[in-house]
Amino acid sequence: MPSHLPGIASGRLSPDEYAANFLDIHPPLDHHQAVVEADRCYFCYDAPCVKACPTSIDIPLFIRQIMTDNPIGSAETILSQNILGGMCARVCPTETLCEEACVREEAEGKPVKIGLLQRYATDVLMDERGEQPFERADSTGKRVAVVGAGPAGLAAAHRLAMHGHDVVIYDAREKAGGLNEYGIAAYKAPDDFAQKEVDFVLSIGGITVEHGKAIGRDVSLSDLRNSYDAVFLGMGLAGVNALGLENEDLDGIADAVDYIADLRQATDLSTLPVGARVVVVGGGMTAIDVAVQSKRLGAKDVTLVYRRGQEKMGASGYEQDLAQTDGVVIRHNAKPKSLVTEAGRVTGIEFEETLEDGGRLVGTGVTFTLPADTVFKAIGQTLVPAALNGSAETIALDGGKIRVDDERRTTLPGVWAGGDCAATGEDLTVAAVADGRIAAESIHRALSSVAA
Amino acid sequence: MANLASNFVGIKSPNPFWLASAPPTDKAYNVVRAFKDGWGGVVWKTLGTDPPVVNVSGPRYGAIHSNDRRLIGLNNIELITDRPLEINLREIKEVKRDWPDRALVVSLMVPCEEHYWKDILAKVEETEADGVELNFGCPHGMSERGMGAAVGQVPEYIEMVTRWCKQHTRMPVIVKLTPNISDIRNPARAAHSGGADAVSLINTINSIIGVDIDNFAPIPTVDGKGSHGGYCGPAVKPIALNMTAEIARDPQTRDLPISGIGGITTWRDAVEFMALGAGNVQVCTAAMTYGFRIVQDMITGLSEYMDKHGFTSVDEIVGRAVGNVTDWKYLNLNYVAKAVIDQDSCIKCGRCHIACEDTSHQAITSMLDGKRHFEVIDAECVGCNLCVSVCPVENCITMEQMTEGVDPRTGMPISNEYANWTTHKNNPMAQAAAVVEPAE
Ligand SMILES: Cc1cc2nc3c(=O)[nH]c(=O)nc-3n(C[C@H](O)[C@H](O)[C@H](O)COP(=O)(O)OP(=O)(O)OC[C@H]3O[C@@H](n4cnc5c(N)ncnc54)[C@H](O)[C@@H]3O)c2cc1C
Ligand SMILES: Cc1cc2nc3c(=O)[nH]c(=O)nc-3n(C[C@H](O)[C@H](O)[C@H](O)COP(=O)(O)O)c2cc1C
Ligand code: SF4
Ligand code: SF4
Ligand code: SF4
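Those protein sequences? They're chains A and B, same order as listed. Position 310 of the first sequence, counted from 1, bears residue number 310 in full-length UniProt numbering, the numbering being contiguous throughout. Position 412 of the second sequence, counted from 1, bears residue number 412 in full-length UniProt numbering, the numbering being contiguous throughout.
Where hints are given, some of them may not hold.
Stated by the list, open to error - Restraint ranges, calculated between C-beta atoms of paired labels, are given here:
#1 LEU361/A x ALA337/B: 53 to 63 Å
#2 GLY327/A x ALA337/B: 58 to 68 Å
#3 PRO27/A x ASN395/B: 35 to 45 Å
#4 ASP30/A x CYS384/B: 33 to 43 Å
#5 HIS31/A x ARG293/B: 25 to 35 Å
#6 THR49/B x ARG129/A: 53 to 63 Å
#7 PRO27/A x ARG145/B: 34 to 44 Å
#8 LEU361/A x HIS361/B: 53 to 63 Å
Hints are computed from structural coordinates only; laboratory data are not their basis. Note that the Cβ used here is the ideal one computed from N, Cα and C, for glycine as well.
From just these sequences and the hints, can you work out the full model?
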């Protein structure tokens with residue numbers, strides 16, 4: 001029940017309401033449910049779901065292992081391709097990845113619940129076995145620097161450690177995990193799962209994390225290149241796109257990612273202020289997440305405004321449905337025009353309706369204004385290239401992100417990159433993990449051939 | 001609603017569905033409940049001599065389940081009735097009196113001496129039961145004492161005991177056979193020679209249903225040990241069907257009535273048994289899994305089926321498929337079929353491809369023009385039906401007969417003439433004479 005406290009306020013809900021709103025959004029399967037669901041998998045030949053998984057997990061095999069009551073073997077199958085298989089099981093938009101490709105989606109519109117099965121197996125391993133199933137190879141004496149302890153950096157570090165290299169991770173933040181810790185919606189990974197998983201990954205040994213160390217501030221890329229045998233950049237996108245409107249620095253307008261980070265770090269959600277009327281600008285996962293979480297914190301009216309049509313939204317159909325079920329109003333085809341201000345703070349936002357003219361967005365001149373205690377900007381994050389400065393040579397970019405080849409090599413010798421900061425696939429946790437693993441294998445090959 | 005009335009060796013029942021001799025028929029309470037739910041008849045749980053046997057007080061059953069715990073096979077180590085003879089006889093008499101239109105047959109198992117049989121038959125006659133069934137099938141416990149399957153595995157004993165029984169009673173005598181033999185025709189012939197009115201089959205199959213792999217003992221485990229038991233339920237149906245057909249088409253026993261038992265769970269199962277020669281059917285595990293109410297679906301299902309085919313009596317179903325059961329050597333080797341995949345219903349799981357590719361004849365593609373595509377290569381397809389069996393989509397792959405042209409696999413023209421192994425050129429014992437068709 002949203003409370004009717006006007007303006008921005010905390011403590012809008014009762015403790016039970018907060019707890020209920022931020023529970024696990026997809027409750028885990030129990031043993032019987034998992035075995036029954038696993039039985040639905042056809043064990044396809046050259047399975048299309050595997051091709052649709054960025055980390056190419058052997059899905060039919062791990063599901064079969066659940067079915068035969070071998071969940072630990074199943075988790076090993078998963079983790080050998082994707083060491084963050086636990087988080088991916090929780091956050092992957094499966095409806096646009098593996099489950100979209102599942103033949104049972106085509107057959108009956110009901111794909112095998114690959115994500116929930118993956119969660120089942122990884123939970124069993126992490127809860128019952130605790131320790132990870134991988135061991136370090138004998139030390140190679142090679143040292144690799146990893147920038148960023150997000151999914152890309154963690155996956156790279158783990159694979160490098162497995163191959164016997166010594167890894168030092170530099171992360172600007174106090175906690176490791178990247179957006180798993182600071183960005184993912186709270187109800188997707190409750191119970192501090194992100195930190196549990198970080199500990200699980202690091203338990204392989206051979207990895208040191210330097211917390212609160214940013215490159216470009218505390219250490220430079222050229223230092224790293226000089227003192228390590230290889231460098232992997234997995235620094236994500238630290239910058240946030242601006243709307244380009246006047247008064248964007250006033251109170252009442254905020255970056256969605258910052259707010260979500262505060263939410264994720266809050267120990268008591270009732271202390272977190274939220275507006276009664278919230279307007280979100282954007283159409284991707286971040287926009288949906290900030291809208292839904294505002295609503296679940298007790299905001300009365302939440303409106304998400306996206307400048308193009310529904311089919312262009314970055315958020316999946318499933319995510320859009322989730323927002324609408326939660327009572328978020330989604331408006332399409334309108335772009336921000338100006339901020340309404342009063343006494344030095346933002347009190348509303350004016351939009352202009354848009355049309356698509358052969359892919360080009362044009363304003364129609366028709367405007368409307370939405371009153372707002374809070375306007376959230378969620379129109380994308382950007383790489384902060386300044387952090388990479390300090391190298392003698394500059395790293396080549398591609399559409400604002402670091403250019404890499406198939407093996408995730410950058411244009412700088414000895415420097416690899418992956419995850420959101422690199423110009424690879426989609427900005428997804430699982431894609432970052434794939435990049436990290438691919439880069440680590442490439443680094444390992446490079447370091448091994450030097451040694452030979 | 002078709003007329004389902006059944007007359008099996010003179011025993012009348014409103015439908016051909018009987019409960020087999022087992023826990024569901026162990027006492028009046030159960031049997032009355034069964035009759036209320038519509039069962040046509042029962043074979044009372046096997047009676048023996050007093051003092052009654054004792055059952056274990058630990059687990060008697062073990063099961064094979066699907067992942068959703070649908071019961072596929074059941075195994076038991078139960079013995080015959082463990083209640084005093086007199087109580088059973090009294091209840092049988094009362095139930096028969098109260099339910100005169102239902103069949104009530106009494107199952108018997110006593111030691112292999114004539115006086116025991118003579119004695120118990122006289123007592124059963126007093127109950128006015130409709131007939132007796134001789135339990136020569138129980139494969140565990142009782143067989144260690146020289147009864148049950150120990151008799152059923154020796155045709156001479158079957159014949160001898162059957163003859164005693166026919167001598168000492170006017171009631172119809174049904175001989176229940178054990179499947180734990182190498183050729184079911186021998187015990188059936190023996191029962192026939194002894195004068196049996198009918199045989200019933202199958203009793204349960206010797207089995208160990210599973211092993212506790214942490215404690216290393218067979219399941220079910222009684223105080224750390226297990227014993228082999230009797231297997232029944234849906235899993236045994238194919239074995240029972242074959243044995244039924246073997247008896248029905250054996251020249252020596254083809255006129256011997258059969259009560260079909262083994263894994264019958266639905267009306268369709270019952271029709272299959274009847275088509276292969278069973279005059280009626282008996283059910284145990286299905287009732288033990290779901291309760292007695294399943295008979296209501298059996299009744300309406302059979303009725304619908306009969307109406308659809310225009311059958312006015314269940315006897316019209318009995319034996320209808322027997323003439324089409326033949327020996328392999330008489331199958332038409334000129335019949336050529338090829339698998340055909342309906343591309344519209346194919347969901348591209350690739351199971352047909354990998355099954356054929358890895359384990360059979362490399363006759364299904366996985367790609368066409370760089371796209372995932374599954375199609376039968378007629379030049380490789382031997383028509384084996386494996387792909388049909390593994391495809392998860394109903395009717396997606398069908399076997400189509402070739403009626404003309406050339407078989408692209410063999411290069412041989414399609415012949416519409418019947419030709420079987422008995423005259424095939426590769427058969428070292430081929431008969432020079434014209435094609436031999438099975439005797440009618
Ligand atoms: C709000 C939100 C919700 C999302 N929800 C989902 C979802 O549900 N499912 C999904 O698959 N994906 C989701 N994503 C995307 C996903 O989180 C990212 O694609 C993924 O985290 C990228 O991993 P990464 O390792 O490349 O970067 P990050 O996770 O961003 O990690 C980068 C790390 O580098 C550190 N760093 C940054 N700059 C420096 C520097 N200069 N020096 C040192 N360290 C630095 C950061 O502190 C951080 O720890 C979401 C993203 C957002 C913003
Ligand atoms: C627990 C149990 C006890 C049985 N007891 C007897 C018995 O006393 N006498 C008998 O002739 N058959 C007995 N049977 C065999 C059944 O009558 C029947 O032949 C067999 O179970 C196959 O049929 P089904 O697959 O429908 O269960 C028993 C079966 C079970 C499961
Ligand atoms: S596509 Fe679906 S059915 Fe096939 S292997 Fe993958 S999960 Fe199983
Ligand atoms: S079925 Fe009934 S008698 Fe048997 S174990 Fe269960 S509760 Fe006890
Ligand atoms: S098994 Fe059936 S559904 Fe699967 S690819 Fe073959 S024909 Fe298609």
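Comparing the hints with the structure gives:
The given range of 53 to 63 Å is respected by LEU361/A and ALA337/B, whose C-beta atoms sit roughly 60 Å from each other. Take GLY327/A and ALA337/B: their Cβ atoms lie about 59 Å apart, and the range 58 to 68 Å holds. At about 37 Å, the beta-carbon gap between PRO27/A and ASN395/B stays in the expected band of 35 to 45 Å. In this structure the supplied range 33 to 43 Å holds for ASP30/A paired with CYS384/B, their Cβ-Cβ distance being about 41 Å.
A hinted range of 25 to 35 Å holds for the C-beta pair HIS31/A and ARG293/B, which are about 30 Å apart. Separation of THR49/B from ARG129/A is about 58 Å and conforms to the stated range, judged on CB atoms against 53 to 63 Å. At about 55 Å, the CB distance of PRO27/A to ARG145/B disagrees with the hint of 34 to 44 Å. Checking the proposed 53 to 63 Å range against LEU361/A and HIS361/B shows it holds: the Cβ atoms sit about 58 Å from each other.
Hint check: a violation occurs at hint 7 only; the rest are consistent with the structure.
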